[in-house]
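Asks: The lines below spell out each chain.
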Amino acid sequence: MKRFVAVALALTCGITAVMADTDPIAERRALMKHDGEAAKTLFGMSKGKIPFDLATVKDSLKTLDEGATKSAALFPDTSKTGGGTAALPAIWENKADFDARFAQFVKDVEAAQAGITDEATFKQLAPAVFKNCGSCHELYKAKSG
Amino acid sequence: MKGIAVVLALVVAAGAALAWTLSAPRPRYSAEEWQKLGLSGDAAAGRLVFYAGGCESCHKSPGQDDPLRLGGGLELKTPFGSFYPPNISTDPVDGIDAWQPVDVANALLSGVSSNGAHLYPAFPYTSYQHMSAKDVADLAAFLRTLPAVKGKAPANALPFPFSVRRALGLWKLLYFDNASLRPDPSQSDQWNRGRYLVEGPGHCGECHTPRGILGEMDVSRALAGAPLPDGHGKAASLRGGDFLKWTDADIVEALASGFTPAGDVLGAGMTAVVRNIAELPESDRQAIAVYLKSLPPLGAPAPAKP
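Note that the protein sequences, when read in sequence, are chains A and B. Using my numbering, the letters of the first sequence map in sequence onto residues 1 to 145. Using my numbering, the letters of the second sequence map in sequence onto residues 1 to 306.
Watch out, some of these pointers could steer you wrong.
Unchecked claim - Partner residues aside, some chain A positions facing chain B, computed with beta carbon under 8 Å:
no., residue
1, Gly-36
2, Glu-37
3, Lys-40
4, Phe-43
5, Lys-80
6, Gly-84
7, Leu-88
8, Glu-138
Said to hold, decoys possible - In silico negatives: residues of chain A with every beta carbon more than 12 Å from chain B:
no., residue
9, Ala-26
10, Met-32
11, Asp-35
12, Ser-46
13, Asp-53
14, Ala-55
15, Gly-82
16, Gly-83
17, Ala-86
18, Asp-99
19, Ala-111
20, Thr-117
21, Thr-121
22, His-137
Calculated from the structure, these hints are not laboratory results. Idealized CB from N, CA, C, for every residue including glycine.
Isolated chain A (complex conformation) (with noise of 0.2 Å):
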C-alpha cells in the first residue's frame, strides 16, 4: 500500500509538472516579458537612455533570440484562450503569416548578432529588430489593461 502511494504521489507530482511545463500560453508569455525586458534595454541604448556596452547587447540579443525561437512552437491550435492571453484569433486564420513573421524576426535578431560590434553598428542594425514588436503586434496582440 505504502508503494502504490508512493507511486501514486510520484506520478501525480509527475503529470503536474509535465502539465506545468507544457501550458504554452503560460510558457509563451513568461518568455514574451524576458523579450520585453531584452528589448526595453536595446531601446534605451539605442536611445542613448542607457550606456552603450557591448556585452549588455550581445546577451539581449540572446534573450531575444532564444526567446522568439522557442515563442513561433507555443502557438498550438488548443491554446487560443485563456490563461490572460492577449493573443488575437486572428493568429490561427493567419497561420503562414505569423509563422512568417517570427521567423523574421528571427532572422533580424540572427543579422544583429551577427553584424554588431560596436555601438555604430548597433544603432545601424537595431531599428530592424525593434521594427518586429510593432509590425506583429498591431495585428496578432489584443490591447489589455
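For this one, chain A is given, so just place chain B on it according to the hints.
Replies: For chain B alone, coordinates are given in the frame of chain A:
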C-alpha cells in the same frame, strides 16, 4: 370613423415630416461662409494635421505600407455592422478629387458628405468637429498632393435600422454638438494644445471612451478605457490602472516608439496611432502627455453584465 382615420393619417404624416426635418444634415459651412474665412491651405502644415488625425489608420489601402495611398477598403467591424472607409485619394473616379475644401470641412466638422448626406460616425467626426478651420484647410491642401489610387471600397454592410442613413440626423441631435473646441484660458497653451490634439484630430476617445447603447460616447467616463468595437481586447484607461504610474516622459516615449515602461510594445490599433503621432514634433507629444496627466483619475468601470 372616417374622421379618426383622417386624423390618424395626419398625425403620422406630421410625425414623418417632423422626423424628416429634424434629421436633416446640417453642414457647418456654406460655400460662401467658407470662402469668407479666407483660408488658403498650407499643404506642409496639413501633412502634420494628416498625421495628428491618423487618417491613414483607416483610409490607407490595406495590404501595403505606404500611408499616403488612401484607397480605403479596410473592414471596420463594429457591433452595428461592418464599415469600409472610402477611397479619399485624388482619383477623379473612385476618390474625392472633386471635393472642394469646404466639402472636406463639412465632412470632418459636421459629418456631412459633399452630396449632402449624413456620414456614419465610424468616421470620427464626433472628435474631428473640434478641429480648427485652419487645420481643416491645411489638411485639404495636403490631401490634394497625394497620389490617385484606383478602386472603390465595398459598401458598408449594416443591418436595418442602421442602414437608414437619414436616421443619423436624429442620432446627431442626441449626441453631436457640431461645434468647435473653446480653449480654456485658465490653462497653459501647452495644455490647450494637448487637449486639442486628444479631443480633436487625435480622436483618442473614439476607442478609449466607453460607449452607450447607440454607440454614443459616455462623456462622464471620457478616456476611462473601453472594450474595442471589434470585440477583441480593450483600449486602456488613460485615467486609471497602470497608466497613472506613467510619467510624462513615458507617454512621450510610447507615442514616439510604441515602447511602454513595462517593455511591452503597443499593439492593435495603437500601432498605427504611434506610427502617426511619431511624425509630429516632440512638443505635440509632450502637450498630449501634459493634458492626459491632468485628467482626474477615475476608478475601474463596473464589471459588464453577463
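Asks: Which hints, by number, does the structure contradict?
Replies: Structure breaks hints 5, 6, 10, 11, 12, 17, 22.
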